[in-house]
Amino acid sequence: MVVLAPAGMRAVGLAAMAVILEWARVLALRSPDRQALTLIAGGLALCLLGVGRRPAELGLAATRLPERLIGGLALAGILLLPAAVRWGGGPVLAPEFAVVAVAVSIGEEVAFRGAVFAALEQSYGPAAAVLGSTAAWTLAHALSHPPEFLPAVAAAGLLLGAWRWAVRDLVGPIVGHVLADLAL
Amino acid sequence: MTRTARRRAALLALAVVAYAIAAWAVAPGFYDGIAPPAPYRWVSPPPQFRAANQPPLSGHATIRVNNGRVDPGSVFTQDGQAAISFTPGAFVAPADGSQVTIQIAPQTTFPDPRDIQLATNVYCFTSTAPLGSGKDALITLQYSSGLPAPGDVYMYEGNGPWRKIGNTGSAAPFYIAARTTALGCFAGGYPRNASQAAGARLGGQTLPIIVALAILVVVLAGIPLAVLRRRGDAGDEDEG
Chain Z
0 MVVLAPAGMR AVGLAAMAVI LEWARVLALR SPDRQALTLI AGGLALCLLG
50 VGRRPAELGL AATRLPERLI GGLALAGILL LPAAVRWGGG PVLAPEFAVV
100 AVAVSIGEEV AFRGAVFAAL EQSYGPAAAV LGSTAAWTLA HALSHPPEFL
150 PAVAAAGLLL GAWRWAVRDL VGPIVGHVLA DLAL
Chain R
0 MTRTARRRAA LLALAVVAYA IAAWAVAPGF YDGIAPPAPY RWVSPPPQFR
50 AANQPPLSGH ATIRVNNGRV DPGSVFTQDG QAAISFTPGA FVAPADGSQV
100 TIQIAPQTTF PDPRDIQLAT NVYCFTSTAP LGSGKDALIT LQYSSGLPAP
150 GDVYMYEGNG PWRKIGNTGS AAPFYIAART TALGCFAGGY PRNASQAAGA
200 RLGGQTLPII VALAILVVVL AGIPLAVLRR RGDAGDEDEG
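These protein sequence lines are chains Z and R, in that order.
Note that numbering that gives the first Met the number 0 has the first sequence beginning at 0, numbered continuously upward.
Note that numbering that gives the first Met the number 0 has the second sequence beginning at 0, numbered continuously upward.
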């Protein structure tokens with residue numbers, strides 16, 4: 000007989016799994032070998048957390064796609080604005096890392112604003128979904144980012160989570176996140 | 000617009016404002032760090048980095064001349080710690096139409112920077128043709144994530160002295176950039192008597208900590224509050 004954990008416990012477990020996957024990816028990257036492969040595998044593993052849920056539950060319904068895409072552009076604009084106004088040139092992401100950036104961004108959105116958000120919302124309501132997915136997302140970046148960057152990471156998570164809740168949409172956060180990662 | 004829609008729009012706007020404040024506090028702002036930054040390679044590593052330090056690398060490239068104009072381009076050191084970027088015609092084209100060679104090399108000896116605290120290696124940029132009159136190039140230098148960030152790029156020509164050429168900002172974290180009208184030797188740094196480095200201009204270290212604490216409080220306090228409210232709502236429904 001299979002005994003399933005209560006939905007709330009499953010939601011917390013899902014959030015923990017997403018954080019652990021992100022930390023595992025960061026730790027694996029400390030080896031200089033096959034970094035691109037590690038990153039792509041990390042992105043795909045995060046996407047797997049969304050398996051078993053209907054697209055609509057994850058915010059990926061196909062309705063109003065143009066509006067969702069425009070929303071994603073708006074989110075990208077907001078995410079990049081602080082860097083854009085201080086732009087003075089500088090290195091950009093190497094082309095070979097572009098595919099990697101797309102895989103990781105999509106994986107993070109499907110995991111945190113998709114699966115974790117949906118599970119927390121079903122169990123504890125929308126506020127817990129926004130705040131809980133933001134907390135997990137920030138924790139997931141604790142190993143890869145210096146502490147002074149974490150407030151901006153948390154605030155970006157809060158913004159993307161708020162969009163997910165207010166618009167019931169994950170396409171916008173995916174588009175915004177991918178563009179921001181490609182730009183920086 | 001319904002009351003719910005207004006509430007959602009207001010909270011979304013609040014999230015935008017919170018993000019703008021938090022992202023402005025640290026340059027460049029949102030940074031997802033696809034791969035963690037490689038450790039900085041020091042010419043003379045500070046004690047805490049001495050054990051694992053790797054020597055910095057140099058770089059060079061040859062730039063073609065087309066129709067009497069030197070092509071645009073970027074030249075990097077092999078470790079990416081120093082770079083120069085320039086637009087078409089920035090360098091004077093050699094009269095014989097030959098290519099322009101640009102070299103970047105980390106320096107072990109350099110003039111005393113006196114009241115400047117250098118926060119990066121010193122890199123000398125040389126080329127077989129000078130920058131044209133009224134033309135400039137962008138110098139970009141990486142700095143260590145383990146030390147205070149430099150506030151400006153400084154340079155010297157010949158035997159010195161050092162002078163500040165400013166900071167145009169950089170969209171990439173742990174990089175500083177500045178425009179120069181002449182090649183020479185460059186480093187990132189800040190005045191020795193300054194209590195803080197570049198971070199001070201962007202809000203110092205205090206602002207990011209305050210913003211971090213505020214977000215942490217909202218997130219950590221919000222979760223139990225949301226759960227309690229949910230339970231309260233469910234209780235009300237049961238009673239009704």
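Hint data in this document are derived by calculation from the structure and do not stem from the laboratory.
Careful: at least some of the hints might be erroneous.
[What the hints assert, rightly or not] List of simulated lysine to any residue pairs, SDA-like, C-alpha gap at most 25 angstroms: (1) 134(R) / 100(R); (2) 134(R) / 36(Z); (3) 134(R) / 192(R); (4) 163(R) / 132(R); (5) 163(R) / 83(Z); (6) 163(R) / 98(R).
Comparing the hints with the structure gives:
Pair hint residue 134(R) plus residue 100(R) holds up; C-alpha atoms about 17 angstroms apart against a cutoff of 25 angstroms. Taken as a hint, the residue 134(R) and residue 36(Z) pair is broken in the structure, with Cα atoms around 42 angstroms apart against an allowance of 25 angstroms. For the hint linking residue 134(R) to residue 192(R), the alpha-carbon distance of about 33 angstroms lies beyond 25 angstroms, and the restraint is violated. Taking the CA atoms of residue 163(R) and residue 132(R), the gap is near 20 angstroms; set against the 25 angstroms cutoff, the hint holds.
Restraint check for residue 163(R) and residue 83(Z): satisfied, since their Cα atoms lie roughly 24 angstroms apart, inside the 25 angstroms limit. Our distance criterion of 25 angstroms between C-alpha atoms is broken by residue 163(R) and residue 98(R), whose separation comes to about 31 angstroms.
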